[in-house]
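Those letters in the sequence shown? Residues 1 to 208, by our numbering.
Derived by calculation from the structure, the hints in this document are not laboratory data.
Note that the structure is a prediction, hence the values are computed from the model and not measured.
Don't take each hint at face value.
As the list claims (entries may be wrong) - Here are the simulated BS3-like cross-link-like pairs (lysine-lysine), alpha carbons at most 25 Å apart as the crow flies:
#: 1; residue 1: Lys32; residue 2: Lys48
#: 2; residue 1: Lys32; residue 2: Lys165
#: 3; residue 1: Lys32; residue 2: Lys43
Stated by the list, open to error - Pairwise CB distance ranges (calculated):
#: 4; residue 1: Pro12; residue 2: Arg172; range: 32 to 40 Å
#: 5; residue 1: Ala63; residue 2: Lys43; range: 16 to 24 Å
#: 6; residue 1: Glu169; residue 2: Arg4; range: 19 to 27 Å
#: 7; residue 1: Lys48; residue 2: Glu169; range: 34 to 42 Å
#: 8; residue 1: Lys92; residue 2: Phe156; range: 20 to 28 Å
For each residue, glycine too, the CB sits at the ideal point set by N, CA and C.
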Amino acid sequence: MAAREVDPMQTPRADSWALYHRAPMPMVTLFKTLDITPLMAIKERGYKLNMLLCWCVAQAAEATPEFRLLPVGDTLVQYDQLGVSVIVANDKGGLNSCDLPCLPDLEAFNQTYLELTARTRRDCADHELPDRMIVGTSSLVRYDIDGAANMYSGIFNNPFLIWSKYREEDGRALLPLSFQFHHVQMDGLGACAFLERLQEAVRETGRA
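All chains should be built: construct the whole structure from the sequences, respecting the hints.
Listed below in structure tokens is the structure:
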């Protein structure tokens, strides 16, 4: 089974569950500027920058144990598999989400990214992977902003990253982003560790 309900008090997140699962605003947002210079050279091989960023998010997420647990309503769900979601502008002028499976191979991830986002754009329908814990992403690459705090609906508790246009500074490509997460899922230290893994995934991808 890819996803199953677990007893929160029998997990490493027991204390956080007791403190925050009924909090009216349990989401926390951190801001970070990534140095994505290592991705610029590999981007020249024909890869989309957004795909490369999603790939790095996937690699960092796979190495983050806290992402295996997510509060869903009044339950805590444990996931065996993860995914990354992208927002796609569809052919009718609207927006749809497209879930992508986390894959261990860049070429396979790239092919899946291209195929699924094209289908989502054409079909004007969300593509969902309901048995995976999904890390949401949204790119506002046309705009130069310092960060964004996402809304909390009380329905979707998934972690979410938003980034905008990267800027060039002293020969480096710098990308401001925000990372929103549910406090039951992880603490600030765990979130910072994830962002450090994301930066390291960017470095490792650039070496490929």
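Enumerate the violated hints, using their earlier numbering and listing them in ascending order.
Numbers 6 and 7 - these are the hints that the structure violates, sorted from lowest upward.
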